[in-house]
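*Asks:* Chains A and B, in that order, are what the protein sequence lines are. Residue 442 is where the first sequence starts when you use this note's numbering, and the numbers rise one by one after that. Residue 442 is where the second sequence starts when you use this note's numbering, and the numbers rise one by one after that.
No wet-lab data here; the hints were simulated from the structure. Mixed in with the good hints, there may be bad ones.
A pair counts as met if it fits within one copy or between any two copies, since identical chains are not told apart.
[Stated by the list, open to error] Derived DSS-like pairs: lysine-lysine, alpha-carbon spacing no greater than 30 Å straight-line:
| # | residue 1 | residue 2 |
| --- | --- | --- |
| 1 | K563 | K548 |
| 2 | K624 | K492 |
| 3 | K624 | K502 |
| 4 | K467 | K624 |
| 5 | K500 | K624 |
| 6 | K467 | K563 |
| 7 | K492 | K548 |
| 8 | K624 | K527 |
| 9 | K527 | K467 |
| 10 | K502 | K492 |
There are 2 protein chains.
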Amino acid sequence: MINDIILPEPTLRRLPWYLAYVEILKARQVEYVSSTQISRALNVDASQIAKDLSFLSLKGKTRIGYEVDALVETLAGFLGFRTSHKAYVFGAGSLGAALMRDSGLEKYGLEIVAGFDVNPEKVGTTVGNVPIYHIDSISEVMEAHPASIGILTVPVECAQETADIAIGEGIHAIWNFTPYRVKVAEGIVMANTSIYAHLALIYNRLNAQS
Amino acid sequence: MINDIILPEPTLRRLPWYLAYVEILKARQVEYVSSTQISRALNVDASQIAKDLSFLSLKGKTRIGYEVDALVETLAGFLGFRTSHKAYVFGAGSLGAALMRDSGLEKYGLEIVAGFDVNPEKVGTTVGNVPIYHIDSISEVMEAHPASIGILTVPVECAQETADIAIGEGIHAIWNFTPYRVKVAEGIVMANTSIYAHLALIYNRLNAQS
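Bound-form chain A, shown alone (with noise of 0.2 Å):
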C-alpha cells in the first residue's frame, strides 16, 4: 500500500510516533486505540490526530476508536516502511559505516546496496555486508544494482560534488548527514539530518542550566 499524495512535513514527523505507540499497544494485545488515547500518550492533539489519519482514508468508529492492528499496518504501508527501498551510501568513513552497519534501517525499508568511496584500502572491501565500490565505478553499480536514494556522509569538502555525481548517475533523493547545505536541482528529494546541530543545541541548552 504505497501512497502517492505529497503530505505536508509536519505530518509525515508526527504518523511515525502514532506508528511507535500503536506498535507498543499491539506488543500489548490492545485491540482498539481512540485518537483521545493517542492525543494523551503522545501530547498531540485530538483533532489533529484524525486529521493526521484521515490521509491514510482512516476513520475511527465511535466510542471505539481505530483498530490496533490495522493502524500498524496501513500506517507502516503508508509511510513506506513496507516496501524495500534501495540505497547507496557515500562515504565509507566512521558515520557511512555505522549506517551500512545498522540493520535496523531496513526493518524500515531501506536496503543499503553499495557504498563508495576513494581510499583504495576501503575499495573492495564489505561494511555489514555492503560491498564498497570506487566512485569512479558508480556507473557499471548503478547498471548492475540500481538504487534511487545516495546517504551522504563523505567529509563536507566532498559533499556537493558527491551530491552532483550521485544524481548525474540517477539518484533521485540525498539524505544529507553531512553539516554541509547541499543544493540540489528542483525535483531530487533532499532530507537533512542534522547531527551536529542536535548536537550544538544539546549543548547550548546544558550550558546556559549550569
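Based on these hints, arrange chain B on the given structure of chain A.
*Replies:* Using the frame of chain A, we list chain B on its own:
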C-alpha cells in the same frame, strides 16, 4: 570558549552550516570571507548570517569580512565542539552500536563513556571501545564515570522507561533516536533525531514523483 546564552533553535541549526563552509575555506587557505559570500554559498540571507554571527560577538570588517581562521575557532568553540561532553548510549542494538563505533562524534565534542543494555550477551563486552553495562548498574557507573547526556537507542517500548531511569540517575539531556515521543520534566534537555521521519519523507516525495 563556552557560551551561556540560550540561542534560538534556527540559529543553532544554521551555525553548523557556516562552520562547515568556513572549514572548507580554511582548508583552501582562504583568509577572509564576507557574509555575502557565505550567503551565496549556503542560500541564507546575508543579513541573517550577520545577525546569527553577532551572537558570537564576531563582527566582520567592512569590505574584508570575517577572518576565516578566527571564524572556524570561534564557531566550533561556541557550538561546544571543542569541549568534551560525556554521554551514555542506552540500547546497544544495531543503531546504538553504530553510534558507539562512530569515532567522528568525538570531533564534535561527544565522548561516549558507557553503553547500557539488558541483553546478558552484550553486558560485559565492549563496542568500539565503549564498555557495555547492565542498566541495573547505572548508579555505580554514574558514580565512577559520570555523564550528562543520554543517547536513546532502545526499542520503542522501552524508550520512556529508560529515559525515566536515566534522568532519575542524573542525566540532564536526552538525545532520542527512537520514534517514540519521550516525555521529560521541565529543565531536562530533549533533542529528537527523527531518522524514521526522514525516511518517510524521502519515500513519500519519491513516490509522489513516480
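*Asks:* Next, verify each hint and record whether it holds.
*Replies:* Here is what the structure says about each hint:
no., hint, in the structure
1, K563 - K548, "both (27 Å within a copy, 22 Å between copies)"
2, K624 - K492, "between (33 Å within a copy, 23 Å between copies)"
3, K624 - K502, "between (46 Å within a copy, 28 Å between copies)"
4, K467 - K624, "between (41 Å within a copy, 21 Å between copies)"
5, K500 - K624, "between (40 Å within a copy, 27 Å between copies)"
6, K467 - K563, "between (43 Å within a copy, 27 Å between copies)"
7, K492 - K548, "within (27 Å within a copy, 43 Å between copies)"
8, K624 - K527, "within (22 Å within a copy, 34 Å between copies)"
9, K527 - K467, "within (29 Å within a copy, 36 Å between copies)"
10, K502 - K492, "within (15 Å within a copy, 51 Å between copies)"
No hint from the list above goes unmet by this structure.
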